[in-house]
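Listed here are the chains, written in short residue letters.
Protein chains: 2
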Amino acid sequence: MIDCGEGAQRSMMLQGLSFTRLRHIFISHLHGDHCLGLPGLLSTLSLHQMGGTLTVHTFADGAEIFQKMIDFFCRERSFDLQFNILDPVCRQVALDTKSLSVETFPLRHRVPTVGFLIKEKPKPRHIISDAVKFFNVPVSRMKEIKEGADFVTPDGQVIVNSRLTREADPSASYAYCSDTLFDRTLSEIVKGVDLLYHEATYADDSQAKARERFHSTASQAARIARDAGVGKLLLGHYSKAYKDENRHLEEARKIFPETVLANEGMKIDI
Amino acid sequence: MIDCGEGAQRSMMLQGLSFTRLRHIFISHLHGDHCLGLPGLLSTLSLHQMGGTLTVHTFADGAEIFQKMIDFFCRERSFDLQFNILDPVCRQVALDTKSLSVETFPLRHRVPTVGFLIKEKPKPRHIISDAVKFFNVPVSRMKEIKEGADFVTPDGQVIVNSRLTREADPSASYAYCSDTLFDRTLSEIVKGVDLLYHEATYADDSQAKARERFHSTASQAARIARDAGVGKLLLGHYSKAYKDENRHLEEARKIFPETVLANEGMKIDI
Numbered sequence: 074m075i076d077c078g079e080g081a082q083r084s085m086m087l088q089g090l091s092f093t094r095l096r097h098i099f100i101s102h103l104h105g106d107h108c109l110g111l112p113g114l115l116s117t118l119s120l121h122q123m124g125g126t127l128t129v130h131t132f133a134d135g136a137e138i139f140q141k142m143i144d145f146f147c148r149e150r151s152f153d154l155q156f157n158i159l160d161p162v163c164r165q166v167a168l169d170t171k172s173l174s175v176e177t178f179p180l181r182h183r184v185p186t187v188g189f190l191i192k193e194k195p196k197p198r199h200i201i202s203d204a205v206k207f208f209n210v211p212v213s214r215m216k217e218i219k220e221g222a223d224f225v226t227p228d229g230q231v232i233v234n235s236r237l238t239r240e241a242d243p244s245a246s247y248a249y250c251s252d253t254l255f256d257r258t259l260s261e262i263v264k265g266v267d268l269l270y271h272e273a274t275y276a277d278d279s280q281a282k283a284r285e286r287f288h289s290t291a292s293q294a295a296r297i298a299r300d301a302g303v304g305k306l307l308l309g310h311y312s313k314a315y316k317d318e319n320r321h322l323e324e325a326r327k328i329f330p331e332t333v334l335a336n337e338g339m340k341i342d343i
Numbered sequence: 074m075i076d077c078g079e080g081a082q083r084s085m086m087l088q089g090l091s092f093t094r095l096r097h098i099f100i101s102h103l104h105g106d107h108c109l110g111l112p113g114l115l116s117t118l119s120l121h122q123m124g125g126t127l128t129v130h131t132f133a134d135g136a137e138i139f140q141k142m143i144d145f146f147c148r149e150r151s152f153d154l155q156f157n158i159l160d161p162v163c164r165q166v167a168l169d170t171k172s173l174s175v176e177t178f179p180l181r182h183r184v185p186t187v188g189f190l191i192k193e194k195p196k197p198r199h200i201i202s203d204a205v206k207f208f209n210v211p212v213s214r215m216k217e218i219k220e221g222a223d224f225v226t227p228d229g230q231v232i233v234n235s236r237l238t239r240e241a242d243p244s245a246s247y248a249y250c251s252d253t254l255f256d257r258t259l260s261e262i263v264k265g266v267d268l269l270y271h272e273a274t275y276a277d278d279s280q281a282k283a284r285e286r287f288h289s290t291a292s293q294a295a296r297i298a299r300d301a302g303v304g305k306l307l308l309g310h311y312s313k314a315y316k317d318e319n320r321h322l323e324e325a326r327k328i329f330p331e332t333v334l335a336n337e338g339m340k341i342d343i
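Which chain is which? The protein sequence lines are A and B, in order.
Sequential numbering of the first sequence, starting at 74, is according to this note's numbering.
Sequential numbering of the second sequence, starting at 74, is according to this note's numbering.
Next up, chain A with everything else stripped away, as it sits in the complex:
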């Protein structure tokens, strides 16, 4: 889970998402709308027979305040709660597993803030079963062949990998740019991701306000997406001053056509 505003647990319920599968929560910054759902969510998780470890990735002061809340409200919890302390000023790997990595990068907001870059690891190539049968590839070699190795037959013949495997499934990537001032250097960091979430608090009519409040406009988000050559741009975090987000969408699409508006309960297949 990335960020946990008030009501996150209710949204999970409405979406039918399993509480007990949740293992990592990444908090981009310590403004209430990005983390005040955490005490309630953890309190509810305490009532589930969850087991294992739940890690909250946040800054040192966040860990301190949430630890106090949790010690008070979630005394009887059935899981181990850990904090992974993030440094807001540098890029760092917050999580690295066999299948994916989550990297942080600094954003420019009124308080320390980071974005998250999530990348699936390269996936194994698909074995062509007729070919491996034909060349009598032993099971013990399969792993390295899936990783791209050639095969040498007992009589010294080299079978190039492309005859034994087909292309791996693509690895998906997602970048999340939480609250931030327009920062064109972000496009280097999020280069080529399949999906970019970028805040778009304001439309072009409030550029000055965006700058003053350390937020972005939809057009600015679209410029990042265009310069980074991402697959799709997802806008969100709209100011309540707007009745709807048609303006945000229109202005962004002029710059980057593959833009969509995030709204509560939306599901996107990356």
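These aren't lab readings, by the way, just hints derived from the structure by calculation.
Any given hint might turn out to be false.
[Stated by the list, open to error] Capping the alpha-carbon separation at 25 angstroms, the derived lysine to any residue pairs in SDA-like fashion look like this:
| # | chain 1 | residue 1 | chain 2 | residue 2 |
| --- | --- | --- | --- | --- |
| 1 | B | Lys196 | B | Ile262 |
| 2 | A | Lys313 | B | Ile143 |
| 3 | A | Lys313 | B | Phe152 |
[To be verified] Just so you have them, the derived chain A footprint on chain B, three or more residues with Cβ under 8 angstroms:
| # | region |
| --- | --- |
| 4 | 110–123 |
| 5 | 133–146 |
Predicted model only: the values in this text are computed from it and were never measured.
Beta carbons are placed, not taken as given, at the ideal position from N, Cα and C, and that holds for glycine.
Assemble chain B onto chain A, guided by the hints.
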């Protein structure tokens, strides 16, 4: 506001209730589902030009933990936030204004818990304008006549109050019995209130569980309502183990017919 679970601010928005009119929040006990909406609500209130004082009535440990949260998340608030420290073991007047009083009374739950008894003060009697004109009652005497005093004319004639005024509007009363074990002594405290909210976590099938978890069944709530002779009983706080609350309602109505089920967004005219 009595109790402030997560999402209270969202419910207020959906109901069209004004944030800036909120001046007192009473917390019955420090379980997450009764107070974890407070940080988010106060954080949102900080964004409004509210002014004045907001008082949170809670126990000492609640005040301490919420003060920490608020110092962290609501730095730029536009109102003065005060805590009125409640004692969970005795009855006390938490608030006393010209128009109403709010009194606490101890409940029996797994952690210190109080209920709230809200009573409107007696209202002034209605002046019969033809009568006060006829007897030349001076404006300076009106206040005491509205409060029930007789009028003595300059020549010594006593005009009894009932000739000058009509019956005052009735004063409404409401009692809120938050999470509690069945406690028959409550009926004395909530005697004759117009509306009694009483938790009804379980139905009759889980009486043992109710006792074990320091909660009540719907029938037990109805017994309190019947013994107290209240106007209407409002049930709530249903266990998620039930698909709906038909059973609660049916079992309670057998004992106290004037029972209704509380559900999100419900409005009741007392």
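**OP:** Would you list, in rising numerical order, the hints stated earlier that this structure does not obey?
**Re:** Nothing - there is no hint that the structure violates, so all of them hold.
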